[in-house]
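Each chain is listed here by its residues.
Protein chains: 2
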Amino acid sequence: MPDESRSSDIAATMRDIGAAARLAARSLALAPTEAKNRALREIALALGARARAIVAANEEDVEEARSKGNAGAFLDRLMLDDARVAAMADAVAAVAGLPDPVGRVLAQWTRPNGLAFERVATPLGVIGVIFESRPNVCADAGALCLKAGNAAILRGGSESFRTCAEIAEALREGLRAAALPEAAIQLVPTRDRAAVGAMLTGLDGSIDVIVPRGGKSLVARVQSEARVPVFAHLDGLCHTYVHGPVDLDMARRVVVNAKMRRTGVCGSTETLLVDRALANTHLESLLTSLADAGCELRGDREAQAADDRVRPATEEDWSTEYLDAVISVKVVAGLDEAIAHIERYGSHHTDAILTDDAAAAERFLREVDSAIVLHNASTQFADGGEFGFGAEIGIATGRMHARGPVGLEQLCSFNYRLRGAGTVRS
Amino acid sequence: MPDESRSSDIAATMRDIGAAARLAARSLALAPTEAKNRALREIALALGARARAIVAANEEDVEEARSKGNAGAFLDRLMLDDARVAAMADAVAAVAGLPDPVGRVLAQWTRPNGLAFERVATPLGVIGVIFESRPNVCADAGALCLKAGNAAILRGGSESFRTCAEIAEALREGLRAAALPEAAIQLVPTRDRAAVGAMLTGLDGSIDVIVPRGGKSLVARVQSEARVPVFAHLDGLCHTYVHGPVDLDMARRVVVNAKMRRTGVCGSTETLLVDRALANTHLESLLTSLADAGCELRGDREAQAADDRVRPATEEDWSTEYLDAVISVKVVAGLDEAIAHIERYGSHHTDAILTDDAAAAERFLREVDSAIVLHNASTQFADGGEFGFGAEIGIATGRMHARGPVGLEQLCSFNYRLRGAGTVRS
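Keeping their order, the protein sequence lines are chains A and B. All letters in the first sequence, in the order written, are residues 1 to 426 by this note's numbering. All letters in the second sequence, in the order written, are residues 1001 to 1426 by this note's numbering.
Here chain A stands alone, though its shape is the one from the complex (with noise of 0.2 Å):
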């Protein structure tokens, strides 16, 4: 039964938390970007620094996990050793060797009567950050928004509380060296659930964006039930498309990469499509290089005919996000039904197209609706860094604002500055 002073209590210090991270935000849009910088390179040093107390306010977050019953996978997200610890320092310290995105001209001109205009990046104001088990997101995440001058509300999984409680004092302890508001990058002091309702709500205008990062569940919740605008996908259902004429070592090698480099991974192909002209010749064998990578096969009866180790795939195949070493595999018509079947099924996050056929794949590129298109090249590649945005907070399938990895450019806003010369309108 909810305790009606406690549910109080936290909505009060949610909201002094919003009021604190709004008030920061206008500094930290102002901070010149050699303070941002201190500041990430005295968060990376203090998180050294602190490495021992982060590790054994870990192992019983660890501890008090395992006991719980939670094992392998979920485990391993949760752990931090020293070289975990030193990995989060230095990406936080990259991060402060990535280019400022504040301050960016993006676009300039000049009108007939003078007045001339430039669109201009600034901040985005205040980030939510809600995430799950790995708790390096909480360094992470806080030095992507500092950098592009946003403050930053982080809500941490209850499962890494400790942990997190002590990077928190990392990023705290960094932005303090460098003058800038420790309220920059707030993690909620609270295991309670209710802290996360209160973020969904924006906390009164306080929050511009949330970013879910964890499993599918927070992800659904979150976009089901925010009430400011979310960075985020549900799904990575992505496909690769094999189209004739193509070179089979370059498909096979593409298929499997995009499969099997790593399956755990939001771009990681989950559907092969391929064209019923490349039945005799192609399906075969890149099942065969598909099966000795050791992946799982569920096809439909034309892939079942190619290959016997290929189990029968159900409707429900179609729209499974396997994150596992399972692929399904379909036989289509041609590009047509490649696009529809992609449009049916897919998530909108990354698609790729293999073939030879250059007007196939400019057709491909041009009209598969995601964030990511791909024409010979492997769906692992939906990835900020591949990018070479440096680093990312996340990626996203939304069609508002931003669209695939979020990067620095994508955490930031923009205006318009206007030059006159006594300028007056007729």
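Read the hints as simulated data drawn from the structure, not as lab findings. Be careful, since some hints might not be right.
Some chain B residues near chain A, calculated using beta-carbon distances under 10 Å [as the list claims (entries may be wrong)]:
1) Arg1026
2) Asn1113
3) Gly1125
4) Val1209
5) Val1228
6) Pro1245
7) Asp1249
8) Arg1253
9) Leu1278
10) Ala1361
11) Asn1376
12) Leu1418
For every residue, glycine included, the Cβ atom is placed at its ideal position computed from N, Cα and C.
Since chain A is already given, all that's left is putting chain B on it; use the hints.
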């Protein structure tokens, strides 16, 4: 008392409209520029051909509005005559002449592994437009959405119901003539207010963004209730700040234009801030120029001391958007106080500094957090046409996606198109 069968009818109608819009958006996104331009030219012709029917329907709407006690500006906004229908048709034809924003390459780069990246403009999807009074919004907004490859769902005020129904006939006729889906621009066919509520929920994901066009109460309702992103501004509480040294004639000319050129537009200046250092040299002359132009003056004690026509300003005046020939005047200690006043009372819409001090101007442009900031120019330039955008669907003060005048470019999203040569991720 709500009639349950009626509201379930409306819910079903709106769901159908949403589903049809989503389907049409897919065709429109892929429609060649020439098809979209042809539709726009055909719509313009159809508006001309139907002018008599539109004006006749409008006369009924105006008569009904008058019989309900409306008068003056309300009836003027609602009224269409032959000249206004012709202007509406011309505005639609002009959109055909604007460059197609879809398919523009916004950025391109190549990574060391040879992977070539493009960020390309794509349509946003489905845009809901909720408007009042001026029936020309029906054609204007529909045309802009169409040119940017978006489907539009238009909901007019009940006062213009008959007029908009006739305009919508012309829209459908033009779309048919260009072989584009009629559902590309749909007018909600009911006066029932439940339709607005349905649109604000996003129609089960069928509306990507809502643009309200109308009075403050409409915008406030949309901003507070919409579950999808909104492009809008609630207030245009714009400031002009006069900072020394500054040429007095230039300052007088720009201040009078900023306030008095048109007092009813969102970019008109509502508050004049004047440096104390200019109190003896400039203030009286600035006030005289405004009074001579017919402007009522309300000010603080120092403004009152400079001119006895200045009536005392109350606290409320600093946050009042008069939209009339009234201005509030405050004497400030300098740049810091001016910026702090704008931050406290402004609406982050449009604010200007008039000065010959280049360093002060640059600080103002950098530190004032408004969609549009100007140096030595009139705040009345807050208009997409004056920006060179050709046309605008509105002005936004939010920081997500669109800010300032929302033209064709801001009605677009983007995606990433990557081209490799069998490129795999290591």
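Outcome of the hint check:
1. Arg1026: With a minimum Cβ separation of about 8 Å from chain A (threshold 10 Å), the hint on arginine 1026(B) holds.
2. Asn1113: Because about 8 Å separates asparagine 1113(B) from the closest Cβ in chain A, which is inside the 10 Å limit, the hint holds.
3. Gly1125: holds, 6 Å
4. Val1209: OK, holds: valine 1209(B) within 10 Å of chain A, min 7 Å.
5. Val1228: holds, 9 Å
6. Pro1245: violated, 14 Å
7. Asp1249: holds, 8 Å
8. Arg1253: This interface hint holds because 6 Å falls under the 10 Å limit.
9. Leu1278: violated, 16 Å
10. Ala1361: Nearest chain A Cβ about 8 Å off; hint holds.
11. Asn1376: Result: holds, 5 Å to nearest chain A Cβ.
12. Leu1418: Constraint on leucine 1418(B) satisfied, holds at 4 Å.
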